[in-house]
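Enquirer: Going down the list, the sequences are from chains A and B.
So in my numbering, the last one in the first sequence is 439, and the numbering has no gaps at all.
So in my numbering, the last one in the second sequence is 122, and the numbering has no gaps at all.
Hints were generated in silico from the structure; no laboratory data involved.
Among these hints, one or two may not hold up.
Unchecked claim - Partial list, derived from the structure: chain B residues whose beta carbon lies under 10 Å from chain A: (1) Ile21; (2) Met55; (3) Ala84; (4) Phe107; (5) Asn109; (6) Ile112; (7) Ala115.
What the hints assert, rightly or not - Some residues of chain A that are not near chain B, with every Cβ distance over 10 Å (derived): (8) Gly47; (9) Ile156; (10) Ala212; (11) Pro227; (12) Val231.
Note that beta-carbon positions come from the ideal geometry of N, C-alpha and C, so glycine has one too.
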Amino acid sequence: MPSTALAGTRIRERRLLAGMRQADLAREIGVSPSYLNLIEHNRRRAGPRLIEAAARVLGVDVSALTEGAEAALLDALRDAAALARGDPEPEAGRVEEFVGRFPGWAALLAAEHRRAGDLERTVERLTDRMAHDPYLSTALHEMLSAVTSLRSTAAILSETEDLPPHWRRKFHDNLHGDSVRLAEGARALAGYLDTAADDDRGAAAPQEELEAWLRARDYHVAELEEPRANVSEDALIAAAPELASNSARALARRYLRRYRAEARALPQERLVAALAAHGPDPGVLAAQLGQPVPLVFRRLASLPPESEGLPPVGLVMCDGSGTLVFRKPVAGFAFPRFGGACPIWPLFQTLSQPLRPVHCQVEMGTRPRQLFDAYAVCEPVGPTGFGAPQVLEASMLILPVDAGSSPGQAPLAVGVSCRICERTECPARREPSILVEGF
Amino acid sequence: MSGRVLVIEDEPNITEAISFILSRDGWDVACHADGATALEVIRETAPDLLILDVMLPGQSGYDILRELRAAPATRDLPVLVLTARSQQPDRDLAARLGASRFMSKPFSNADIRAAVREMVQA
Numbered sequence: 001m002p003s004t005a006l007a008g009t010r011i012r013e014r015r016l017l018a019g020m021r022q023a024d025l026a027r028e029i030g031v032s033p034s035y036l037n038l039i040e041h042n043r044r045r046a047g048p049r050l051i052e053a054a055a056r057v058l059g060v061d062v063s064a065l066t067e068g069a070e071a072a073l074l075d076a077l078r079d080a081a082a083l084a085r086g087d088p089e090p091e092a093g094r095v096e097e098f099v100g101r102f103p104g105w106a107a108l109l110a111a112e113h114r115r116a117g118d119l120e121r122t123v124e125r126l127t128d129r130m131a132h133d134p135y136l137s138t139a140l141h142e143m144l145s146a147v148t149s150l151r152s153t154a155a156i157l158s159e160t161e162d163l164p165p166h167w168r169r170k171f172h173d174n175l176h177g178d179s180v181r182l183a184e185g186a187r188a189l190a191g192y193l194d195t196a197a198d199d200d201r202g203a204a205a206p207q208e209e210l211e212a213w214l215r216a217r218d219y220h221v222a223e224l225e226e227p228r229a230n231v232s233e234d235a236l237i238a239a240a241p242e243l244a245s246n247s248a249r250a251l252a253r254r255y256l257r258r259y260r261a262e263a264r265a266l267p268q269e270r271l272v273a274a275l276a277a278h279g280p281d282p283g284v285l286a287a288q289l290g291q292p293v294p295l296v297f298r299r300l301a302s303l304p305p306e307s308e309g310l311p312p313v314g315l316v317m318c319d320g321s322g323t324l325v326f327r328k329p330v331a332g333f334a335f336p337r338f339g340g341a342c343p344i345w346p347l348f349q350t351l352s353q354p355l356r357p358v359h360c361q362v363e364m365g366t367r368p369r370q371l372f373d374a375y376a377v378c379e380p381v382g383p384t385g386f387g388a389p390q391v392l393e394a395s396m397l398i399l400p401v402d403a404g405s406s407p408g409q410a411p412l413a414v415g416v417s418c419r420i421c422e423r424t425e426c427p428a429r430r431e432p433s434i435l436v437e438g439f
Numbered sequence: 001m002s003g004r005v006l007v008i009e010d011e012p013n014i015t016e017a018i019s020f021i022l023s024r025d026g027w028d029v030a031c032h033a034d035g036a037t038a039l040e041v042i043r044e045t046a047p048d049l050l051i052l053d054v055m056l057p058g059q060s061g062y063d064i065l066r067e068l069r070a071a072p073a074t075r076d077l078p079v080l081v082l083t084a085r086s087q088q089p090d091r092d093l094a095a096r097l098g099a100s101r102f103m104s105k106p107f108s109n110a111d112i113r114a115a116v117r118e119m120v121q122a
């Protein structure tokens, strides 16, 4: 067992060694299979009681599941050392000695490193939003214009003693107009930010409305999984308050039609059985199931997260211009909300070579650095024929690499987008990074 | 004070306020709201000083400034850039494009009166 394994990973490894089904262990320790699945993939933290129960059921000592705590501390410190830009460099080779001699300081440093990472992610998100959110930018500009006019006009009224009556009336009218404009703008902005607080993002575009709806149901539309499901797309849409705009409902209709067709072509039970037999490699699954690779991507991304053998799955799709048209995030691999993504992603590499699947490991540059298996393929969509424009759609499936496994070859260094990426030497950089060069 | 000031700003109430306070100081003030035709109006008006908003319909203030500095007749025209964006990169960009002075919104009337006076006398 690798020394860096996290508790969830250790539980999973011990369960598999014991030949026990996830559902059976979940029942024995009194949690749902989906919750245990999240724990085993380190998406939820395993508490002491759960670890004790799991150790009892699996017949191992509690320490066999918990001895990763120190390893996690070492990992955090190594990560901090790797990202350090100081001179002299941290003595990375003596990190274990440091933890042994100064456990309190080591824990503090690791905690501060994590906190810095969290703050960076917050800055990234807010900066991305401030820089690219068209609604926010316009609203703030409108309000600043109203405030500018108010300030200037109010100063004229208070400081000009001999103001002619017609000018006084004029400026009073302007004050009234600007104050109304400011109040309306503030109310609209507050409403927008209140909505954003619900999911930390707020839907600013039809695509985001659709994604919010899908996220609320774990990207799984159970109503369309039955082979003879007769619920209509419109009925599903009508019951979805998240789909507020006509454009979002049109997007949802198209998405659900495709979902229904693909659920019929590759039923959930068949995919889950193949997953259990062959693992999550989408290339292997496509070959075994006789289905196109992009369809397998989408079906894997729409399985219930508690499905046996299913790792956390991210999916991102773009059109021929590179615009992201679908985003199902996975922990550690962020997608930009607006603007261009990292051009190094295999997703974009496939646009120049349609129908040729690409697989490689990628290392996301955000903290902590994480490895993912990225599977990408591009296919022509839409009508074909001589003279018809080529319409492309590329998809990339993203699966986290187990913390304990070692990469076969050097992973591809990627980021979220140039603006929030620290890889200063990247040949594909479009603009300076605010994380390196500041605002 | 005497001299001609042209204000290119698309917010009518801001334009009105600037126009009023500068007129009271004796400046001959003209106003224009459209970025697309701004260069033409600048050439026709031949102002002693230009107050230029950045976010304009038709053409941005930065694009207008770039063209002003490329033309011999307006290369040295004093330009006061007004913008709601006040971060250092915005200031740097304005300076690189040849802005004589940068002022962020909201501004005080006293500041804008002083800036115009200093820039024309410089």
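Enquirer: Taking the numbered hints from earlier one at a time, note which ones the structure violates and give those numbers from smallest to largest.
Expert: Numbers 7 and 9, in rising order.
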